[in-house]
Amino acid sequence: MVEKTKYGYKIMNNQNTTWSILVDKGIVKGDTPLETVNDSPWYIKTLVGFSGWLASIFILGFIALIFKDILDQYLTSSIIGIIFIAGAFVLLKNQKSDFFEHIGLSLSLAGQVLIIYGIVNISNSKEAVIWGALFLMQTSLALIMPNFIHRVLSAFFAAFSFAAWLSVLGMPYLASGLIMFLCAWIWINEFSYPMHHRKVVAIGYGFALSLILIKSPAFFNALSLFSNTEQLTKPWMGETISSCVFLYVVWKLMKPYQKEIPQVAVIVTLIITLIFCIASYEVLGLSSCVMIILLGFSVGNRILIGFGIMSLLIFISSYYYLLEITLLEKSEHLFILGLIFIFLRWVLQQTKIWNKGESNE
Amino acid sequence: MSSNRKYIIDLINQQVIPSDKIKEALTLIYPKRGDWKVFLDNLLLWLGGLSLGVATIFFIAYNWKDIGYFAKFGMLELLLIGAIFVYYKFADHKLIGKVSLVLATLFLGATMALFGQTYQTGADPWQLFFNWSLLMLPWAYISKFPAMWIIWVVLINLTIVLYNQVFGGTFGAFFNSDELTMWLIFCFNSLVLVVWEILSKYRPWLDVRWSVRLLALASGVTLTSLTLNAIFKDNTDLMIAAVVWFSWMGANFYLYQKVKADLFMLTGGCISGIIVISSFVFNSFTKIDVGELFIMSLLVIILGTISSLWLKRLNMGIKS
Chain A
1 MVEKTKYGYK IMNNQNTTWS ILVDKGIVKG DTPLETVNDS PWYIKTLVGF
51 SGWLASIFIL GFIALIFKDI LDQYLTSSII GIIFIAGAFV LLKNQKSDFF
101 EHIGLSLSLA GQVLIIYGIV NISNSKEAVI WGALFLMQTS LALIMPNFIH
151 RVLSAFFAAF SFAAWLSVLG MPYLASGLIM FLCAWIWINE FSYPMHHRKV
201 VAIGYGFALS LILIKSPAFF NALSLFSNTE QLTKPWMGET ISSCVFLYVV
251 WKLMKPYQKE IPQVAVIVTL IITLIFCIAS YEVLGLSSCV MIILLGFSVG
301 NRILIGFGIM SLLIFISSYY YLLEITLLEK SEHLFILGLI FIFLRWVLQQ
351 TKIWNKGESN E
Chain B
1 MSSNRKYIID LINQQVIPSD KIKEALTLIY PKRGDWKVFL DNLLLWLGGL
51 SLGVATIFFI AYNWKDIGYF AKFGMLELLL IGAIFVYYKF ADHKLIGKVS
101 LVLATLFLGA TMALFGQTYQ TGADPWQLFF NWSLLMLPWA YISKFPAMWI
151 IWVVLINLTI VLYNQVFGGT FGAFFNSDEL TMWLIFCFNS LVLVVWEILS
201 KYRPWLDVRW SVRLLALASG VTLTSLTLNA IFKDNTDLMI AAVVWFSWMG
251 ANFYLYQKVK ADLFMLTGGC ISGIIVISSF VFNSFTKIDV GELFIMSLLV
301 IILGTISSLW LKRLNMGIKS
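Chains A and B supply the protein sequences, listed in that same order.
My numbering applies: residue 1 is where the first sequence begins, and numbers increase by one.
My numbering applies: residue 1 is where the second sequence begins, and numbers increase by one.
Treat each hint with caution, since some may be false.
Taking lysine to any residue pairs in the SDA-like style, the calculated list, with each CA pair at most 20 Å apart, reads [said to hold, decoys possible]:
(1) B:K89 to B:A71
(2) B:K233 to B:E179
(3) A:K259 to B:L26
(4) A:K199 to B:S247
(5) A:K45 to B:L78
(6) A:K255 to B:K37
(7) B:K37 to A:K199
With the Cβ distance kept under 8 Å, some of the chain B side facing chain A (calculated, not the full set) [to be verified]:
(8) I17
(9) L44
(10) L47
(11) I271
Because the hints were derived from the structure by calculation, they are not lab data.
All values derive from a computational prediction rather than experimental measurement.
Positions of the beta carbon are idealized from the N, C-alpha and C atoms, including for glycine.
Kindly produce the complete structure, drawing on both the sequences and the hints.
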């Protein structure tokens, strides 16, 4: 029981207070439910994901040795992969214990590698086919597989393979903006489908993690590795989509408060956001990090805020290694941005509209 | 904010909150206007400070010849004095004080780099980071801000790595240079972790979990890598690595279960355990065949299951 630990009393008190508020508002009735769903913290989920991944490597080796003759027939390896994933689906669907969850995850990961192995060989290593197939497979798995960790991983790989696929097709830079939009849309609509909340959150985390990777200067430098064909898109196109998404996010986040604040304040905030977007054009990934932090705060999600802060620190330090522009130009961009941030804070201090309204703190 | 969020989501998932009341219940999760103001105030100040500090470092790193060294020194010293002046002026304002000290630390680093560029002292890079860490100490002390101490720890870590790149060979007869670096990093981060945990009892501002977890992560990752090296490469005496690893694991499991409940630390220990045990078993096989790989996959799954079951049970009690 919760009472056993020193932290337990605090949690119980917090929950009791929240329950009392809900009763006062007429949302719930009666006493606090004794049992709450005990969702484990993110690091325990990471452990499960990690051990599943590690076990899948050994399972793959095991399968490769058992079926070494059959695996030369690439179609067969894909079929075995599909059977593995189907088995994993059944195990994860009827998840009776952590043991089966681990086996399910390992089987699915091993199955995915077998399918990819088959596709790589059947397609004669055509990159566009491989990345396209990977994208379709991961998207389907993110939607179908009945497990939180699996959905996070599949959504992550789906978004990543989508970015790689578009790059191979000669349209790099576009994916980051589109994934940024999907990520924003998911977190803004986190509670729009209460029955599917866990699915939505898992896919949201997967997209957020992928967005951090895709928007990083290191990925930007590596884009040329994916793209052998003529490039139909330019970096500014991706950044323009990202700016539009950022504006959309700010507008959506202000919506619940629009009855309380004057219309002019909404317009001023959007103009300020636009200034930020233009100023951060050359600082790759900055707007996506700030967006993740804002989204995290808007739904009280500390993990998302943590993702945003960590990625912000990594981006700013890895911005040093971006090859496209000189250090002097980078210094100029950051200097101007710094001044804009300080100015915006000053504007915020002068504005009275945000002072009203009680605080949750 | 987090406990409210978790609890309300729990209630929604259990359908304790009727679907037509979900929107109203969610107002307890969403921040109020006042919360937004405080949050944006903090965010903009940090973003502004960080951008200006990093811009200065990039500017110095570019080594622009069109501006003389005298002008660069003047500029950096002005910035440094400015940051300290802001700290002095806003000593009562917690946030501005912290941001200005972090900014002053970044400017100090840029000044050290410029000093090296200008006088071509022939000094090794490790000296830059060592001097930087030494000179920032008073600010870290007065700041009462964990992030400043983490910056200091990072600088010392960099000093150790760079120092060993130059002088690691001196101890070559006794230690592999890379191994020595990792042992030193492990010892330093573990020492800081222990001191931090002890001092946090008396200095409440130090009791910030993210910083302690970061130190534990640095310590745990290096020790796990060293143990793996000992298992696979025979670079390190396996006995030494085993004794240190077991002691570290024992201390971790005892302290963070019995003394100061922290599931993050215990999870880290479990992950290290899964890696080390499975690597040890794998390495002990004389041949790798179907049976061995089957045993390995089963072993990892069993270790993972036991760990997650144990951690989830603790989580029921702690709910950290």
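Each hint tested on the structure:
no., hint, verdict
1, B:K89 to B:A71, "violated (26 Å)"
2, B:K233 to B:E179, "holds (11 Å)"
3, A:K259 to B:L26, "holds (18 Å)"
4, A:K199 to B:S247, "violated (41 Å)"
5, A:K45 to B:L78, "violated (49 Å)"
6, A:K255 to B:K37, "holds (16 Å)"
7, B:K37 to A:K199, "violated (31 Å)"
8, I17, "holds (6 Å)"
9, L44, "holds (4 Å)"
10, L47, "holds (5 Å)"
11, I271, "holds (6 Å)"
Figure legend: structure checked against the earlier numbered hints; hints not met, in rising order: 1, 4, 5, 7.
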